[in-house]
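Enquirer: Listed below, chain by chain, are the residues.
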Amino acid sequence: MSIKVNTLSKRYGAQWAVNAISFSVSPGEIVGFLGPNGAGKSTTMKILAGFIPQTAGDVTMCGLDLKEHSLEIRKKVGYLPENNPLYLDMYVAEFLLFSAELAGVKNTRTALEKAIELTQIVDERKKKIGQLSKGYRQRVGLAHALIHDPSILILDEPSSGLDPNQAIEMRSVIKQLGTEKTILLSTHIMQEVEAMCGRVIILDQGKIIADDTLIGLKKTAKGQSLEDIFRNLTNHVGSI
Amino acid sequence: MWAVFKKEIRSFLGSFIAYIVMGVFLLITGLFIWVIEGTNVMDIGLANMQVLFNIAPYILIFLVSAITMRSLSEEKRLGTIEILSTRPVSDFSILMGKYLAALGLIVFTLLPTLFYYYTISTLADPLQGTDIGATWSSYFGLILLAASYASIGLFASALSDNQIVSLVVSMVLCFFWYGILGLLGDIKALDTIGKSLGWFGLDFHYKSISRGVFDTRDLLYFLGFIASFIGASKLVFESRKW
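Chains as they are written, first to last, in this note's numbering: chain H, 1 to 240; chain E, 241 to 482.
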């Protein structure tokens, strides 16, 4: 198993953002993380990326325990945070070289070339990140996440704010990456899930309410669209 | 750690503030040494740099705070802290990279003041009549003082995601540890309490080193001071994990 999460919980103050969730992701799988805002998707991803620790539960990644081998695991994980924060005053190549060096990459130049080619930002390498459009910034963020050739990618809303063309390009890049890496991505766009993910995990109020393959989900929902399934599972207003 | 160090230096030198801050520092110290009546070297008539070492601690409060204010607060404001601390580097290395970068920049700003030393030493009668030992030990004291300020600045920067808040907090804390405690130590009425409060201040140890008396207790005080504030910064920086 690439990622194995066992009764993972996270509490902020009195509120449980993530409440005893368990799931696992096999190598080479692209898993979509779905759920309304505030369901605990980003919190879970932040824990997996090693940014914040869990309150309870265990996470094993690449066979290592996250609590004990945090630094070791971070070498194997690439993370694109929500809203894609970047150093706006740095140049693209400068930033990615810095990022590679931080990740402990030996040959940073080669890693840079590979990453910018994969994310198609070769022509932007000498531009300042602050000058780039949102779509290109997102690619820089993705290049940052994969510059050290991680075996696991955690992408928090990789296509948010992109125009349809950029979103489709982003999807094709991710799909291409998925052939050799384990990817966990969150999104609100249902077509994206259908286009990329083999499996879907739906979170709501810190709990997993569905964990199935796309085909399996549709079968149990008797042919409903993914959007309808999502609405039925997570729309609390309608049920009152 | 060195990746962070290099990035900090580069981004600071790439910003306009860097040159303003450094320029202002050199301008003010230059004015005091050469121009302002009553404090300039000609008026005092002594070929030494005492003026610089007397006013530099106060100007450094501003200089150092301005250098350190953005180091952590900007990361928090932009959210880049998330891409930085999810890389395989420990929080301590990130902090040390940032701290050492600030310290490097401060030393770099102090370097041009060596020209003042050169000029003054050629003015001395007899030539080379300046007290070399006292000058070097004063520089050493000044760097230790600046290093202490930088640790305060790092701590202040960890507290807030607003640079200006960090700047003000850092300046107030530096002024307290240097100025206020130093003043308390001088108040006769406070007697031993005042003296022991003064001992906790930076001024007491800075003056002691500047005098040219090399006492390991002073050195230990500075190292302990810096370590405490870096430790406090680490605590605040990691508060996201609580």
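The hints are simulated quantities; they were obtained by calculation from the structure and are not laboratory data.
Among these hints, one or two may not hold up.
A few chain E residues that face chain H, going by a derived Cβ cut-off under 8 Å, partial list only [said to hold, decoys possible]: (1) ALA243; (2) LYS247; (3) ILE249; (4) SER251; (5) GLY254; (6) GLY319; (7) THR320; (8) GLU322; (9) SER325; (10) THR326; (11) ARG327; (12) LYS481.
What you are looking at is a predicted structure, and each value in this text was computed from that prediction instead of being measured.
Each residue gets a CB set at the ideal place from its N, CA and C atoms; glycine is no exception.
Enquirer: Less than 8 Å between beta-carbons is the criterion; does E:LYS247 satisfy it with respect to chain H?
Expert: 5 Å, holds
Enquirer: Minimum Cβ distance from E:THR326 to chain H below 8 Å?
Expert: 5 Å, holds
Enquirer: Regarding the hint that E:THR320 lies at the interface with chain H, is the smallest CB-CB distance below 8 Å?
Expert: 5 Å, holds
Enquirer: Does E:GLY254 meet its interface restraint, that is, does its C-beta lie within less than 8 Å of any C-beta in chain H?
Expert: 7 Å, holds
Enquirer: Any CB of chain H closer than 8 Å to the CB of E:ARG327?
Expert: Since chain H brings a Cβ to about 4 Å from E:ARG327, closer than 8 Å, the hint holds.
Enquirer: Would the hint on E:GLY319 be counted as holding, given a Cβ-Cβ threshold of 8 Å to chain H?
Expert: Constraint on E:GLY319 satisfied, holds at 3 Å.
Enquirer: Against chain H, is E:LYS481 within 8 Å by beta-carbon distance?
Expert: The hint holds - E:LYS481 has a Cβ within 8 Å of chain H, the shortest such distance being about 5 Å.
Enquirer: Holds or violated: the hint that E:SER325 contacts chain H, with Cβ atoms closer than 8 Å.
Expert: Constraint on E:SER325 satisfied, holds at 6 Å.
Enquirer: Holds or violated: is the Cβ of E:ALA243 closer than 8 Å to a Cβ in chain H?
Expert: Hint holds; E:ALA243 Cβ to chain H Cβ min 4 Å, cut 8 Å.
Enquirer: Would the hint on E:ILE249 stand, with a C-beta cut-off of 8 Å toward chain H?
Expert: With Cβ-Cβ at 12 Å, over 8 Å, it is violated.
Enquirer: The hint names E:GLU322 as touching chain H; please verify it with the least Cβ-Cβ distance against 8 Å.
Expert: This hint holds: E:GLU322 lies near chain H, its Cβ roughly 4 Å from the closest one there, short of 8 Å.
Enquirer: Mind checking the CB of E:SER251 against every CB in chain H and telling me if the closest is under 8 Å?
Expert: 6 Å, holds
Going through the hint list in order, the structure does not satisfy hint 3, though it satisfies all others.
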